[in-house]
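Asks: Two chains, two separate frames, one set of hints: put the complex together.
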Amino acid sequence: MLFKRHIPLLIVIGVGLLTLFGHFINNTLIQSFVDKDALQWFDIIASFAMFLGALNMLKLQVIKIIKKQKNWQYSILAVVGFAFAIFAGFFYRGANFITISGIQDENLSEVAIIIAEELNETNSFNIENKIMASHDGYEIDKLFITEGNAKLFMEKLTPYVAAAELKSKSWGAHVQTKGSLFYWMFINIITPLGATMFALLAFFVASASYRAFRIRNFEATLLLVAGIILMLGRVPIGGLIPWWAVSILIIFGIGAIVAPFIKERTILLGIVGGGIVIFIITGTLMGWNQNPPYLLSIPVIQDWIFAYPAMAGSRALMIGISLGIVATSFRIIIGLDKSFLGDK
Amino acid sequence: MEAIKRIFILLGSLDRRIIFLIVGLSVLIPLLKPEWVTLPIRITPESQVMFNEMNKLNEGDKLLLSFEYGPSTKPEIHPMSIAILKHMYAKNILVYGFALWPDGNFMSTEVFSDVSDDYGKKYGTDYVNLGFRPGAEAVVKGIAADIRALYTVDLHGTPINDIPMMKDVFNIEDFDFVFSLSAGYPGSTEWVQFACDPKNIPLSTGCTSIQATDILPYVKNGQIRGILAGMPGAAEYESLVEEELQKMDINIKPGKASGMMAAQSIAHVVIVLFIILGNITYYITRKQTGKDKI
Chain Y
1 MLFKRHIPLL
11 IVIGVGLLTL
21 FGHFINNTLI
31 QSFVDKDALQ
41 WFDIIASFAM
51 FLGALNMLKL
61 QVIKIIKKQK
71 NWQYSILAVV
81 GFAFAIFAGF
91 FYRGANFITI
101 SGIQDENLSE
111 VAIIIAEELN
121 ETNSFNIENK
131 IMASHDGYEI
141 DKLFITEGNA
151 KLFMEKLTPY
161 VAAAELKSKS
171 WGAHVQTKGS
181 LFYWMFINII
191 TPLGATMFAL
201 LAFFVASASY
211 RAFRIRNFEA
221 TLLLVAGIIL
231 MLGRVPIGGL
241 IPWWAVSILI
251 IFGIGAIVAP
261 FIKERTILLG
271 IVGGGIVIFI
281 ITGTLMGWNQ
291 NPPYLLSIPV
301 IQDWIFAYPA
311 MAGSRALMIG
321 ISLGIVATSF
331 RIIIGLDKSF
341 LGDK
Chain X
345 MEAIKRIFIL
355 LGSLDRRIIF
365 LIVGLSVLIP
375 LLKPEWVTLP
385 IRITPESQVM
395 FNEMNKLNEG
405 DKLLLSFEYG
415 PSTKPEIHPM
425 SIAILKHMYA
435 KNILVYGFAL
445 WPDGNFMSTE
455 VFSDVSDDYG
465 KKYGTDYVNL
475 GFRPGAEAVV
485 KGIAADIRAL
495 YTVDLHGTPI
505 NDIPMMKDVF
515 NIEDFDFVFS
525 LSAGYPGSTE
535 WVQFACDPKN
545 IPLSTGCTSI
555 QATDILPYVK
565 NGQIRGILAG
575 MPGAAEYESL
585 VEEELQKMDI
595 NIKPGKASGM
605 MAAQSIAHVV
615 IVLFIILGNI
625 TYYITRKQTG
635 KDKI
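If you're matching them up, the sequences are chains Y and X in order.
Quick note on numbering: this note's numbering labels position 100 of the first sequence as 100, and the sequence is numbered without any gaps.
With the second sequence counted from 1, adding 344 to any position gets you this note's numbering.
Hints may be right or wrong, so weigh each one.
List of simulated lysine-lysine pairs, BS3-like, C-alpha gap at most 30 Å [stated by the list, open to error]:
| id | chain 1 | residue 1 | chain 2 | residue 2 |
| --- | --- | --- | --- | --- |
| 1 | Y | 151 | Y | 178 |
| 2 | Y | 178 | X | 406 |
| 3 | X | 597 | Y | 178 |
| 4 | X | 597 | X | 418 |
| 5 | X | 631 | Y | 263 |
| 6 | X | 418 | Y | 142 |
| 7 | X | 543 | Y | 36 |
| 8 | Y | 142 | X | 597 |
| 9 | X | 600 | Y | 178 |
| 10 | X | 418 | X | 435 |
| 11 | Y | 178 | X | 418 |
| 12 | X | 400 | X | 377 |
| 13 | X | 418 | X | 466 |
| 14 | X | 400 | X | 591 |
| 15 | Y | 130 | X | 511 |
| 16 | X | 600 | Y | 142 |
| 17 | X | 564 | X | 400 |
| 18 | X | 597 | Y | 130 |
| 19 | Y | 130 | X | 400 |
| 20 | Y | 36 | X | 406 |
| 21 | Y | 167 | X | 465 |
| 22 | Y | 36 | X | 511 |
| 23 | Y | 36 | Y | 4 |
| 24 | X | 435 | Y | 178 |
| 25 | Y | 178 | X | 511 |
Worth flagging that the hints you see were computed from the coordinates, not collected in a lab.
Small disclaimer: the values here were computed from a predicted structure and weren't measured.
Isolated chain X (complex conformation) (with noise of 0.2 Å):
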């Protein structure tokens, strides 16, 4: 018993470098090796929901597709921006890209070049990216009022007048959804304050893990349809996307959430070891020391 003892006390106070190795490695060897973990991935009810609002558009709809995050969370929301780009295109639906971060610009000229070739899809008829605008809600509100008092030209410099796809498009009115993905201010939140919920016109969001709680009020509200959490959220909606898609005759590759759920899975698990085995010390020496040590 005393020799368990030490042994949990030993464990209990690793070097933290021992800890980051670990976790390293639990990230690490899933994503290196991803056919050494296959894990099924289960469908919540919001992504569920999120799904089930966007399928429901139909051909020449048109989506506000909203890029509110960078490089630091493009891991949890980019495959979310390329599954919905994969499922619009399919559906032959016109994408609207604007940006409320500057990074967003980047973000969205990635995912616009990388995905709507494959797709034969073309810039100014099927697709448009307007950018980045400083001003936060400011800028919501204004594309809830009117899009030609803030921008004048698109991404690339192009007079907006001059893109066939924004001769019908004056505010947000004018769309048949909105989409926000998003990792944090300005983002879902101020697309519900300030333009969405106003002017009746439906949002759904994809946003980081940690985003979920606060924006979760407005999805059970409805003010929000459903949600995509985080690379969990981003790994269901890809897998429905495939599921649909290929209904249709459409093959796609699975995306790079599904692979990435692995390592998610298996570094979470060994997190909540590290906490169960620093308890199951802290018991120990509490009851050595008779006092708490920590």
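Chain Y with its partners taken away, still in its complex shape (with noise of 0.2 Å):
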């Protein structure tokens, strides 16, 4: 119990306060605790916490399998996927290069063409040059995920160069380097399946705005006209919608607002089609087909949707959420909150 509850209450509670008076308290140890000590805890528990959350991810898969739980053809994906990952990133470090000196100088034409053709560039007199001014060796700019390739294209070289050496970036900084096969990874599986997912809800808004998007009431109004002055006013194309068709929209907008209200459907229509009518006379005899009125443009109401209705409800959701997190908080740090313990 003591173990269990009370130490790590203990070390919320005085963590937490600790953390939350070092803002107001003007103490050099206090403020060094909160800047620095306490955000290299944070660094060290959360890497401890991804640690064990690919571990819990593992065994969750695992379990899938051996059970033969709903979908579990997908788990061993998971897990064929996250061993790929642990062997490129610890196991496998590709991202070889090649340094070569000793080049007599009648052969450094030769071995510039050899690189700039492996490397795919026109010119191999930036190389030649590349070559001459480097002393201590002159590392080839490209890197192979293999072994084997390398060796391949060093022994194109060998005739030329006195000593060739090939080698590999560093462990840790694999990771980020070009011709490594965990950047391989990242970018020839993960990059197009992350865009993929992301693309596919391009059709799924269609899809779904097309059979859900309906004018059924005054909130489904107004959330329809709003959102397709949005999609509209956000793109260039916005900006080239006529004035008269702007009007048209703003007139339908408004016939759906006051539809519930007219049960005489001949009433609504002669209001919506003499709205129209009247508009569009008036806009032609003013001279907007010349000189449009800057609020029959899509972007402009879209600026205004974007400054005024919206931002007043995002800002309204950023209060509420704060004051939220400001009582969770507090719950949390006098120790009326122990859902961390697992308490429900």
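Replies: Printed below as a string of structure tokens:
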């Protein structure tokens, strides 16, 4: 009980109070704890949490496969992907590169041409100049995932250079180096998969809005009109929509808003139709074709929606969330909320 | 009239695979043939403010560029990072890359290696990539307090004390500007709350379109100076940078975001047309059956 509940609770209360009051107390020791030590603790704990998270994920997926739970086949992919990432990160480096030295002047241009061919560069003079400028050996600007490929290329150079050495980027740094297996995995597997998942949204949004975005009531109409204006106003094509099209859209919007209050459909049709005709005649007479009014531009209306109603809603949400965070944090700090200990 | 109604009802019950095909084509065709649709790019006030703030930086100033996005949001945000680097390199600003997301490391590595050579910039003296540390807002707070407590080496494993441009950099107060390339949490909000607002360092952001409404209150308050919202924001900034660099006699190729605007525009129009069509069908069906069918 003492180690499982009381000590963790005391740590949370102590550190919580210290961090909170650290912002208000001008004491070097406390400031140093809040700004430096606490952050390093957090960093260490976060690193362990990542490790634990990975192990937990692996455990859950393996259990799913063993018990052949629903969609267990996908778990095989998850485990294989996990194993491959570990292999690429910790066991297979790749990122092999070649350094050459001791090149005779008569062989210089031949070596530069071979390297330029490998790098797909048309101008070998730049490479020649770089080789001449390098004193401790020239590092060829290409990384090979496999040693075999690097050695094949080295064989081409061997007749012309006194020494060619095969090296690899250091462990750790290899993860971020083009030419390592891990980097290859990220660019060729993770990137297209991530982009595909996000791109699919466009199709689902189109299909869902086609089926579900309906003028059912006042709120739905408001959402629909605002949504259409934002969608068109955010993209360049919105600026090309003429004033009369915007007028028609506005009158349809007004018609949809007042529709629930007018039972006679003929009157509603008359109001909408008449409104459109009056608007277009007025606009034409006032020369809006040459000089369209500012307010009948979709991007301007979109800017207004963005700057006022959308922002007001966003601020309200933000304030609500912040108050919730303050209340929850306070409950945790004073020990009222013990959910982090597994309590319900 | 009945025939028209039937057509609308038929259109209203389109198989979703046909909708997918039409949306796919509306995106694909402008991407493959951008010259078929050329659209003027309108600069929004928020993008203009962001550009002006970045453009105010002088030679030798230090920019903290934070990468908080990954492959899924790369099409929206990566063009911004490319345009920012071109802009900053042209003005000889020192760029310090950080990442709050693990994927951000790959994004930063790619953008630095793609752009730096074209401007003759050298690692360690003109730009540095410090990489990712776990901890979200704790990392932001750490950068605000003491970078060396969090980062002892850069992304390539070089001790940061051996990097020439890290010599006078200890915390966020040593930077002249912070730019957050953000696709979610942790991102721009954390930079405002834990670093830039308390330390009074100018901050600007480029984010996904979805995030824009969440970040806009900070922009209107002046806590974030301008914003590039999604791909349209990236296209606006690209065109501003292109114009600015032309003044400096530097010609650059049009950025990716500008080329993608036609695809996005047409896709939006197609979705709007689907919504209108769906509503007409809904109206006709409701009138015929006298109740909501859907």
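Asks: For the pair supplied as a hint, residue 631(X) and residue 263(Y), confirm whether the alpha-carbon distance does not exceed 30 Å.
Replies: Distance ~13 Å between residue 631(X) and residue 263(Y) Cα, so the pair holds.
Asks: Regarding the pair residue 178(Y) and residue 406(X), is the alpha-carbon distance no greater than 30 Å?
Replies: OK: residue 178(Y) and residue 406(X) at ~27 Å, within 30 Å.
Asks: Would you mind confirming whether the straight-line C-alpha gap from residue 36(Y) to residue 406(X) stays at or under 30 Å?
Replies: Distance ~23 Å between residue 36(Y) and residue 406(X) Cα, so the pair holds.
Asks: Can you confirm whether the C-alpha distance between residue 130(Y) and residue 511(X) stays at or below 30 Å?
Replies: Holds: residue 130(Y) and residue 511(X) sit about 29 Å apart, inside 30 Å.
Asks: Does the alpha-carbon distance linking residue 167(Y) and residue 465(X) stay inside the 30 Å limit?
Replies: holds (25 Å)
Asks: Does residue 597(X) pair with residue 418(X) here, judged by a C-alpha cut-off of 30 Å?
Replies: holds (19 Å)
Asks: Please verify whether residue 36(Y) and residue 511(X) have alpha carbons no more than 30 Å apart.
Replies: Within the cut-off at roughly 20 Å; holds.
Asks: Take the C-alpha atoms of residue 178(Y) and residue 511(X), compute the straight-line distance between them, and say whether it is at most 30 Å.
Replies: holds (28 Å)
Asks: Regarding the pair residue 178(Y) and residue 418(X), is the alpha-carbon distance no greater than 30 Å?
Replies: Between residue 178(Y) and residue 418(X) the Cα gap is close to 18 Å, so the pair holds against 30 Å.
Asks: Could you grab the alpha-carbon distance between residue 151(Y) and residue 178(Y) and see if it respects the 30 Å cut-off?
Replies: holds (18 Å)
Asks: CA of residue 130(Y) to CA of residue 400(X), is that 30 Å or under?
Replies: violated (37 Å)
Asks: When you check the alpha-carbon spacing of residue 543(X) and residue 36(Y), does it fall within 30 Å?
Replies: holds (16 Å)
When held up to the earlier numbered hints, the structure conflicts with 12, 19 and fits the remainder.
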